[in-house]
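Enquirer: Heads up: the sequence lines are chains A, B, C and D, in that order. Residues in the first sequence are numbered consecutively from 1, following the numbering used here. Residues in the second sequence are numbered consecutively from 1001, following the numbering used here. Residues in the third sequence are numbered consecutively from 2001, following the numbering used here. Residues in the fourth sequence are numbered consecutively from 3001, following the numbering used here.
Calculated directly from the structure, the hints in this document are not laboratory data. Not one of these hints is a red herring.
Footprint (simulated), chain D over chain A, 3 or more residues, beta carbon under 8 Å:
#1 111-123
#2 136-143
#3 150-162
Quick list of in silico lysine to aspartate or glutamate cross-link-like pairs, DMTMM-like style, CA-CA up to 25 Å:
#4 D:K3178 x D:E3099
#5 D:K3278 x D:E3232
#6 C:K2040 x A:D111
#7 C:K2040 x A:D61
#8 C:K2040 x A:E66
#9 D:K3040 x B:D1061
#10 C:K2329 x C:D2350
#11 C:K2040 x A:D105
#12 D:K3040 x B:D1105
#13 C:K2227 x C:D2311
#14 C:K2329 x C:D2234
#15 D:K3278 x D:D3230
#16 C:K2329 x C:E2260
#17 C:K2329 x C:D2370
#18 D:K3040 x B:D1111
#19 C:K2277 x C:D2234
#20 D:K3040 x B:E1066
Just so we're clear, the structure is a prediction, and the values are computed from it rather than from any experiment. Built from N, CA and C at the ideal position, the CB exists for glycine as well.
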Amino acid sequence: MKNFDQSFAHFSRFVARRTSRRSLLTLLGAALVGAAGVPLLPVARADAKEPATGAVDPTQDPMRCEYWRNCGMDGFLCGCCGGSSTSCPPGTEMATTTWIGTCRDPADGRDYIIAYNDCCGKSTCNRCMCGRNEGDRPIYYPAKSNNINWCAGASTNVYHCTTTILLGMSEPVP
Amino acid sequence: MKNFDQSFAHFSRFVARRTSRRSLLTLLGAALVGAAGVPLLPVARADAKEPATGAVDPTQDPMRCEYWRNCGMDGFLCGCCGGSSTSCPPGTEMATTTWIGTCRDPADGRDYIIAYNDCCGKSTCNRCMCGRNEGDRPIYYPAKSNNINWCAGASTNVYHCTTTILLGMSEPVP
Amino acid sequence: MKGGAGFLAVMTGACIFAASVAGAGESVPDLLHRQDSVGKVEQLAESPGAHWVWVLDANLSSMPDGRAWLFDADSGRSMGSLNTGYSFVAFALPRAYHEIYSAETYYSRHTRGVRTDVVSVYDPNTLSPRAEIALPPKRASTIPRLNDSALTDDGRFMAVFNLTPATSLSIVDTRTRKFVGEIGIPGCSLAFPAGARTLFSLCFNGGALVTELNPDGSLSSQSRVEKLFDAEGDFIADNGARFGNAWLFPSLYGNLYPLEFTGKTIKAGKVWSLVTKKERRENWRISGYQGSAVHVATGRLFVLMHQGAPDTYKDPGTEVWVYDIGSGKRLWRIALEHATVAIGVSQDADAVLVGLDMLSSHLDVYTAVDGRHLRSIGEVGVTPALVQFPWQPPAAPGK
Amino acid sequence: MKGGAGFLAVMTGACIFAASVAGAGESVPDLLHRQDSVGKVEQLAESPGAHWVWVLDANLSSMPDGRAWLFDADSGRSMGSLNTGYSFVAFALPRAYHEIYSAETYYSRHTRGVRTDVVSVYDPNTLSPRAEIALPPKRASTIPRLNDSALTDDGRFMAVFNLTPATSLSIVDTRTRKFVGEIGIPGCSLAFPAGARTLFSLCFNGGALVTELNPDGSLSSQSRVEKLFDAEGDFIADNGARFGNAWLFPSLYGNLYPLEFTGKTIKAGKVWSLVTKKERRENWRISGYQGSAVHVATGRLFVLMHQGAPDTYKDPGTEVWVYDIGSGKRLWRIALEHATVAIGVSQDADAVLVGLDMLSSHLDVYTAVDGRHLRSIGEVGVTPALVQFPWQPPAAPGK
Chain A
1 MKNFDQSFAH FSRFVARRTS RRSLLTLLGA ALVGAAGVPL LPVARADAKE
51 PATGAVDPTQ DPMRCEYWRN CGMDGFLCGC CGGSSTSCPP GTEMATTTWI
101 GTCRDPADGR DYIIAYNDCC GKSTCNRCMC GRNEGDRPIY YPAKSNNINW
151 CAGASTNVYH CTTTILLGMS EPVP
Chain B
1001 MKNFDQSFAH FSRFVARRTS RRSLLTLLGA ALVGAAGVPL LPVARADAKE
1051 PATGAVDPTQ DPMRCEYWRN CGMDGFLCGC CGGSSTSCPP GTEMATTTWI
1101 GTCRDPADGR DYIIAYNDCC GKSTCNRCMC GRNEGDRPIY YPAKSNNINW
1151 CAGASTNVYH CTTTILLGMS EPVP
Chain C
2001 MKGGAGFLAV MTGACIFAAS VAGAGESVPD LLHRQDSVGK VEQLAESPGA
2051 HWVWVLDANL SSMPDGRAWL FDADSGRSMG SLNTGYSFVA FALPRAYHEI
2101 YSAETYYSRH TRGVRTDVVS VYDPNTLSPR AEIALPPKRA STIPRLNDSA
2151 LTDDGRFMAV FNLTPATSLS IVDTRTRKFV GEIGIPGCSL AFPAGARTLF
2201 SLCFNGGALV TELNPDGSLS SQSRVEKLFD AEGDFIADNG ARFGNAWLFP
2251 SLYGNLYPLE FTGKTIKAGK VWSLVTKKER RENWRISGYQ GSAVHVATGR
2301 LFVLMHQGAP DTYKDPGTEV WVYDIGSGKR LWRIALEHAT VAIGVSQDAD
2351 AVLVGLDMLS SHLDVYTAVD GRHLRSIGEV GVTPALVQFP WQPPAAPGK
Chain D
3001 MKGGAGFLAV MTGACIFAAS VAGAGESVPD LLHRQDSVGK VEQLAESPGA
3051 HWVWVLDANL SSMPDGRAWL FDADSGRSMG SLNTGYSFVA FALPRAYHEI
3101 YSAETYYSRH TRGVRTDVVS VYDPNTLSPR AEIALPPKRA STIPRLNDSA
3151 LTDDGRFMAV FNLTPATSLS IVDTRTRKFV GEIGIPGCSL AFPAGARTLF
3201 SLCFNGGALV TELNPDGSLS SQSRVEKLFD AEGDFIADNG ARFGNAWLFP
3251 SLYGNLYPLE FTGKTIKAGK VWSLVTKKER RENWRISGYQ GSAVHVATGR
3301 LFVLMHQGAP DTYKDPGTEV WVYDIGSGKR LWRIALEHAT VAIGVSQDAD
3351 AVLVGLDMLS SHLDVYTAVD GRHLRSIGEV GVTPALVQFP WQPPAAPGK
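Construct the entire structure; sequences and hints are all you get.
Expert: In structure tokens form, the structure reads like this:
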């Protein structure tokens, strides 16, 4: 409980380490105005089976806060809640609106766009709290703010945990 | 939080230090079968203003777990929740059914019957947890069991905190 | 980014390809090579693993938000959770585990307003509600005890213990999804399955009340059996372990009381001691909220123990003592990793013993055969107090 | 004691006299000498104390169970609590404190089922619900910020910030107890009172959107004001402190941005620095969820500070720096007892400063005049994040 409580010191939704890549966000924002429904891409699904602990480099272990995709994470890792870093736990629903960060994968040195889709519909997971508070902006700047429960975009706003969905490669920094 | 969590190690409703005085309980039980409503006695009301901390003997400080009336306490002291040792916090309701213990007041060396009336209708107070687990019996012996939420006898079974109502002097031990 | 509401949210998925192309500098195949789908939700395997275990959390600091967590004791991973309302206690799990039954209480304003009691029926694969059966708003609110509810051995009828403070059982037909009726059990509490449509409740006077249901779940008959145990002196725990046609209850002073049910009634089996005279003098004591478990196939009883005065009989345990039920012989003692309020044993041949520390929120996993500590799983709830293994072996022939 | 349901419960009160007499061995007068009444429930004084303070707890580990605790900062005693549903943020408190308004979200099954958003109207003396006003189920779920809701200066209309993720305000008439309507605030968020029936919201582009209501609460007019602050560089906090006809917002790099409202619009006041160049180099930084407060009568501004990189601008504060608003001069620095996420100042002449430590759940009380630590109150919630003083002095003449 002590660790758990301390983790709340940084509980402040949706942080991103590098937020200088605004042009893509702008583009996405512009492209998606008015979009609705749950778009599902017919691409390869991420493996839901993840190691409980990694003896490997922590930046490559999806169960750890240090995982490279978690650069913009602020919440409970779904991999510790019955889901995985890319899937929601049974009985929850993945929010379709989200805050997006750009994270560098040390394995290939490239930057990727990560969407921090919340899983919604069950009470807070309370396991594997992971907060990185870099690049955060106040609530009045929602696209960059880690203070919002993005289950607002789901059919329920009950927040459970957060995934790290790799959307694609980021463009180079201008 | 640490102290709070540890307090739950002994969270197990309604203990009593001395439960050998069964004859009076039996009498009360027999006398009150079928009683209903909220009986209010026109006797002196207890003072709701209590010291936040006692420099005095802790057995005489209603804000402390060591208070003599708390010998059968297992719950949150209402004096820490907006009430007092004999009154419920604003907006709650005092349960009319209760587990009863017999406590000795060191000040006069006499034994008194204490009713541990729960205050009901708001979520757990979570302040001043006080558990004394002596004389407890399993659930199948409710009159002596500290494992029951006695808000069962109120209009809501939402448990908030527990008072120590002095009902009167106990008869001598047979 | 220059106005309007669109900047607020990014719909993930559909448009990323166009966006990525616009990003330039990388080829499309590269981009597609690493890309996740959006909206994936896990489901569990059709059949539970033998070492899956539910951890039941009444959440005593925020009782409207009860939860249960499913863990795989082998990998240490969480499989998912259920939210179970105010003053949650435990599930009733059918042997086939095709459904999960949960007696729950809700308030329309979480801590006030209209109270609604239900049996929620959950899908064990999707961990979603499948049905809801209305109950009279009377279910007992107690410190968690597994037998606040029970399924009859035929798997069809669920009994929910009520305390208003008058005691009764609400009977629910899990097949028709209907509340059948309420059966008074005056002077008695809890519900222990004891036959196809028979349950018994423990009574304050040391007896038991046997309740038999008709095939439609209505009351067929009730009978009281007196003097099964001493409710005043060497009283038995209000939690025990099932072994065939008996429930085994450890007692305050370290004896084991088997309550055996045959046909429509119940009788006291031979009482035997869990402790030596020396151990009794040394105050070795029963422990916890769920202080015993049986591994049925090997006929072994696991009892949670610690040293302390009689009044500490619910304090956390420090050891598990293992017995051969047939001979009453103690086989070995297991030292526990954490102060343990609940133990459980899986029913497979390669069984695990689990112990739950409510204080530090740990689930400890041991081999049942030699008590070797395998792993500890952390963050298993706010005030987790009970465990339930969903997997059960097929019923033995002739049962 | 020998059967029946009567043994289960003891009705306290009415029959104790007979029982006591039966007890014998003591005279009746002795018995009556010490006896409490049953059923007493406290009420609070008609008017709040100047040092009463609400601690608002979103209960982030069990969000359906939000709470608020009222403390007397002088005695350190709790006065009572309110239960405030899922994802609670803060109250809207009228100057007269004749009622408490609370925007709340409920689910029929606590974490699932039908969502209901309401403004609960509480009686500040009995801490009981007095009325409930239905809202569209859209209210924002955010990390607590006081201005997720607001009352207009005339005390009549409450604005509730919605985020779906499109942003809007739900307007509620507290007098008629009716939801008046929803007003879009695209690109902008939160609600700050700025006149009798005027509110403004902060916008992502560094501007503000001013919303003026008609006397019936419907939308009268909206206007955008651009370039009030730099939303990208030296951005202002999303929490500020009211001082007369201005809201004061500290910024990332330690400047103070006054947003002044006059009539129907808003303008940027003179920006001044909270830190010296040396302090800025030493990374002295704004802090917390509620990082500033004003003592109106003396014109003093209290700002929560700590040392850290820009990204730590919401980390807990270690000091409070006190300024004279008129001159912009720093008067003194106060070292805090605990890591503090929220500060507040009472509005009386003998004012207290309070600081809230979410982690260890402490409310620390200091004198506002010299920052002397008076006391620390423990166990003030699960994840308490904001404070509100209910007492306000009468409005100044001419306002």
